[in-house]
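Using the sequences and the accompanying hints, generate a full structural model.
Chains as they are written, first to last, in our numbering: chain A, 35 to 145; chain B, 35 to 145; chain C, 35 to 145; chain D, 33 to 368; chain E, 33 to 368; chain F, 33 to 368.
No lab work stands behind these hints, which were simulated from the structure alone. Where is the CB? At the ideal position from N, CA and C, for every residue including glycine. Careful: at least some of the hints might be erroneous.
Claimed, not checked - As a list, the in silico DSSO-like pairs of lysine-lysine whose alpha-carbon atoms are at most 30 Å apart:
#1 E:118 x B:125
#2 B:70 x A:125
#3 F:205 x E:55
#4 F:205 x C:67
#5 A:67 x D:205
To be verified - Pair ranges (Cβ atoms, derived):
#6 A:114 x D:85: 49 to 57 Å
#7 C:64 x F:188: 24 to 32 Å
#8 D:274 x C:109: 35 to 43 Å
#9 C:126 x D:183: 57 to 65 Å
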Amino acid sequence: MNEGLLEGDMHRLHPEKLITVITSDVLGDRLVKAVKQRGASGYTIFRAQGAGSSGEQSGMLDVDTNIVFHVVVPLTKMSAMLDALEAIGRKGHHLKVLVSDVNVLWPEKFE
Amino acid sequence: MNEGLLEGDMHRLHPEKLITVITSDVLGDRLVKAVKQRGASGYTIFRAQGAGSSGEQSGMLDVDTNIVFHVVVPLTKMSAMLDALEAIGRKGHHLKVLVSDVNVLWPEKFE
Amino acid sequence: MNEGLLEGDMHRLHPEKLITVITSDVLGDRLVKAVKQRGASGYTIFRAQGAGSSGEQSGMLDVDTNIVFHVVVPLTKMSAMLDALEAIGRKGHHLKVLVSDVNVLWPEKFE
Amino acid sequence: MLSNLLIPAVLFFALGFLAKLIKSDLRFPSDLAKALSIYLLVAIGLHGGYELGKADLLTALNSVMWALLLGFGMPLIGYAILVFSKKVDAMNAAAIAAHYGSVSAGTFLTAVAYLDSLQIEYDSYPVIMLAVMESPAIVVGLLLAAWSRRRLAQQQGEPVADTENGDDSDRGKLTHILRDAFTNGSVVLLLGSMVIGAVAAPQSMAKIKPFIEDIFMGVLCLFLLEMGMEAARRIGDFRRVGAVLVVFGVAMPVLGGLIGVFIGHLMLGFEVGGTVLVAVLAASASYIAVPPAMRLAVPEANPSLYLTLSLGVTFPFNVVFGIPLYHMMATAVTSA
Amino acid sequence: MLSNLLIPAVLFFALGFLAKLIKSDLRFPSDLAKALSIYLLVAIGLHGGYELGKADLLTALNSVMWALLLGFGMPLIGYAILVFSKKVDAMNAAAIAAHYGSVSAGTFLTAVAYLDSLQIEYDSYPVIMLAVMESPAIVVGLLLAAWSRRRLAQQQGEPVADTENGDDSDRGKLTHILRDAFTNGSVVLLLGSMVIGAVAAPQSMAKIKPFIEDIFMGVLCLFLLEMGMEAARRIGDFRRVGAVLVVFGVAMPVLGGLIGVFIGHLMLGFEVGGTVLVAVLAASASYIAVPPAMRLAVPEANPSLYLTLSLGVTFPFNVVFGIPLYHMMATAVTSA
Amino acid sequence: MLSNLLIPAVLFFALGFLAKLIKSDLRFPSDLAKALSIYLLVAIGLHGGYELGKADLLTALNSVMWALLLGFGMPLIGYAILVFSKKVDAMNAAAIAAHYGSVSAGTFLTAVAYLDSLQIEYDSYPVIMLAVMESPAIVVGLLLAAWSRRRLAQQQGEPVADTENGDDSDRGKLTHILRDAFTNGSVVLLLGSMVIGAVAAPQSMAKIKPFIEDIFMGVLCLFLLEMGMEAARRIGDFRRVGAVLVVFGVAMPVLGGLIGVFIGHLMLGFEVGGTVLVAVLAASASYIAVPPAMRLAVPEANPSLYLTLSLGVTFPFNVVFGIPLYHMMATAVTSA
Ligand SMILES: Nc1ncnc2c1ncn2[C@@H]1O[C@H](COP(=O)(O)O)[C@@H](O)[C@H]1O
Ligand SMILES: Nc1ncnc2c1ncn2[C@@H]1O[C@H](COP(=O)(O)O)[C@@H](O)[C@H]1O
Ligand SMILES: Nc1ncnc2c1ncn2[C@@H]1O[C@H](COP(=O)(O)O)[C@@H](O)[C@H]1O
Ligand code: NA
Ligand code: NA
Ligand code: NA
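Have a look at this one:
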């Protein structure tokens, strides 16, 4: 992943994982609780529109607003987070979960 | 890409592509149509501000609101999507198109 | 990074870096100035909620609204941007800085 | 019907609907839509509470009792019909049915505008009933879902899946369900405003009056404009929902209207205006309070089913055809 | 001029402009800006429709005809000037010109506030003209662009590039252009509200009055505050646009004002108030309806050119200098 | 206290607070919250400016002078107490103290509603003071921070860290601080609206009246509903803040109230109504203007400390207990 970084940047950038969850606004509190319990240093929430298997989510009512939920975690914490998300998904909730590689300045801020 | 994943996560995470388009709100419907026709399972739209070669987009009027359009697709569908986006760009529309690697839980949800 | 791309896409997609800054809305103008001075072709700003070491940012007041700031740059410009962000961080401002790999269509648009 | 279509609120609904049909790029900021519905709940609540302060206690209690009965009863009827129709599974039936026990403030307010435009008087008790009817339907819906879930699991010989992490006891679940039903955002807003309207000092209420009365009808128009767009957006989902369910989405409010007319006039003794409003309460389906509750607690149900029925079928039906129909029914019963 | 500057609406425009000049961190929520402009379009529409219901049909038709002429004519004049100036290519000329055939509701309303503050009466027909003038300019703009595109392609010996996927016939394009012009969000909102205002039952319109009248001027002030910030934001783009275009952005409204005064008084027989309003219609440039239409259908044109001209040059010019100027012109002509 | 609790504005604050306590999923769109506070600032400004236009110049100047004194003085007192308490470092002390020199428009307006509901008359000068008091506190806060920063650096033998890129001179910094204090968004909005209210032509002000007066109290209720939720959200941060600071967040407004009562009655000669308002100005802590300024210019301070104190402690204390308390004080002093 660090291929293509300059020498100096290799030292200040540290690999972490960005977990992205796309789901209904209604589930926001539950996601917050889930990642906090598993040691996330924080989270970021975007409001969004979209469409998928449950139709168009126009963002006009609470129930048809999507959120995109971001949490950056060190690799060591990722599995526990994914377990929690899988557990929510298993109950029938609609979640899209994406994991991507990021490099962070100041990794201590995400611990 | 899957380097740095734990054993267990390698099995549940599946590589896909995240295509991000940054453009004017006005083009939203056209993007939706383009990716739906090419088999996207869905899409997500964020409203955003920004600036670029066509000046500041403050988000105050419909015409100066940016959208950031996300569509997650399996690798096999990516080329067709990019073709469609290139075609829109060739007409003179201002699009920024980014592709990045993501790993998803439940890849069947993006098919 | 380009592993997993199809032949044709390898030619049209060009690697760049996406720098993401998560911080308070209040710092928006300063970030804009910083990246413009260092030659960014543009930037994109999302408004977001979140929580971290400085508590919950509910987005209700200007002071507790987060922004997520995106700037796509060629690798050659990244170090200068990170220097600028580090300088802002050193003054005590709360910034989360993430760098990720993206591939862009039309790389000339980000120069 | 004709006079109904000359009411600005209804016309704005039609305009929004039309805008989407002709694929206009008309866009409504999403925070505006949410702001309008917060305003409407607060305004109805304050108004209702103020009336409650002046109300006859016995009639008020009687109304509340019938409201509770409607709130508990309608979902049971709906559930039975849906399960019987065999077109949806039990979880979806529970979630859909819950919507019909609750009410749609937008429909209620359109009915008020309709009565106003015909200069028909109406009692203030239905506003109180409106505020009371949000929660019971949620409770019934969640109970029906819990019960269906258990039955399903038993049929399949599986252990009962739990909707809440680590809260396994039945007792825990019931309190949970009740809490969910009463902490629902719109329930809190509506009941809270009602209490405020009832206890606030009259001279300070006077200062709020212009906000909740003068601009009310205009705000309702904007809200219905947006709801029209929202309804039209769901038209495409009709196929997904299927003809039988669409029929349900029309038959259920008509049945509710009948029951409501009966309760309004015979049980509560209202004149034609009040009777129409009770009919509308029984006939309308929630799209604000119930859907998030179902989404959260009945994840097995498909949101596009209940949203299409409530927003795409029942709401437009009620606004355009239902209200004049209930008016006819009420006239027939009260003049009988 | 002085009296103009004592109107709150104009002062709020100045305040917004100033706030950005002194680099204040004043922030306007973007959904609020959009909500305000939805409100203004609905309020003008309802008001205009209500007036239309009471209007003299012949004068109304006559006004509409002149409005159409203005809407079709002004872009042609603008296009000719721009192409002649050789400062922009044909596609940009088409897109810019289209803005001047349409109108700016904000400018129009500021003119109304100006007349009100001077207690000058005005006819209601200009409101009708306002509603009519959005679409023709879009149509002309799109036609000019299609024509320029074809000419350009012929010059370069290329096949004509198509703006729509798989819709190649000329016929298809024309319907497409017309559809785009009439399904434009703000056109739908304005015309729709006008129809509602015209057909709605009077006693139900009375209920909406406070919403569209009492709080109207205050909402306009907030809107202009935001527009002032928006205008100032574009000042930095002046260099990009170039001096010749900035001159165009001032000369074009003055020319439009002259034509408008002529039409308003001599053709439509309005007194000074109505004549000023017609002048403002002709002089003002759209920033709500036309820009998205151009962005979508004339992607070859540079949005920052037409937005800077419309929002950064013509709008401030009209609000601060233009309106009193057209008032002077109108006084001269009507008293001649 | 009881009468205070019968004011809708206070009741809505309580409702918002309660909603969060019972973990309701009530959601407020964030652009609505910001829109409400823009509206309130504009309305207060216009109102205050209009009053200023009719005011007695000498009393006005006198009020402004005392407002400046309060704005400069309160932060100094607060800073001294905080540094003395040794519970926070100098940078946090500076940032927190600045909040107490400025004012909370929400608290002020609640006090106005309180007086209205008791039908107590009040002078218009405090509104002018309100507008004046935003900036001085910011200036003092930034100066205290700059001074503390320098002292800290000297203690540690480090070169003085600079908060602005490449703006090293002390002179540059002072102009910078002043500019920041006066270009602050809410300062611009409030002072700008005041100027507009003062200079605008009376007949055009009349057209804005319904917007800034009739719907004012209702908007305030919605705003306080949201602030109640915001306050409750911060309750969880109490532990982080510590008991001593929480005591400060209650003691400081009481002290401010005392000083305010003294200034209001003895220095400015106001009756009980005006005296209560001056007390509220002195007692309340800013949560709109000051926090962004501190966040930007005093990054070393912890935002969750000053936001918790201002929004989570002082604001609720003032709204519920403070206002009746200052009323008691004012009654005692004025009747003495
Ligand atoms: N682990 C994380 N993942 C995603 N976003 C975060 C994380 N930690 C903090 N943030 C975001 O960064 C903002 C500032 O964080 P802080 O400075 O720690 O309060 C928060 O309000 C969140 O929006
Ligand atoms: N292929 C996709 N790419 C991006 N976002 C998606 C995709 N599919 C679904 N989504 C988002 O996920 C949300 C929920 O999807 P669903 O549960 O399938 O309705 C949608 O409303 C979209 O915002
Ligand atoms: N280098 C960049 N990084 C991130 N976003 C950009 C960048 N350049 C442009 N954008 C976004 O793309 C939009 C359109 O860009 P443009 O077409 O160049 O005006 C801008 O308004 C920004 O939101
Ligand atoms: Na019902
Ligand atoms: Na024009
Ligand atoms: Na104070």
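Hints the structure fails to honour: 8
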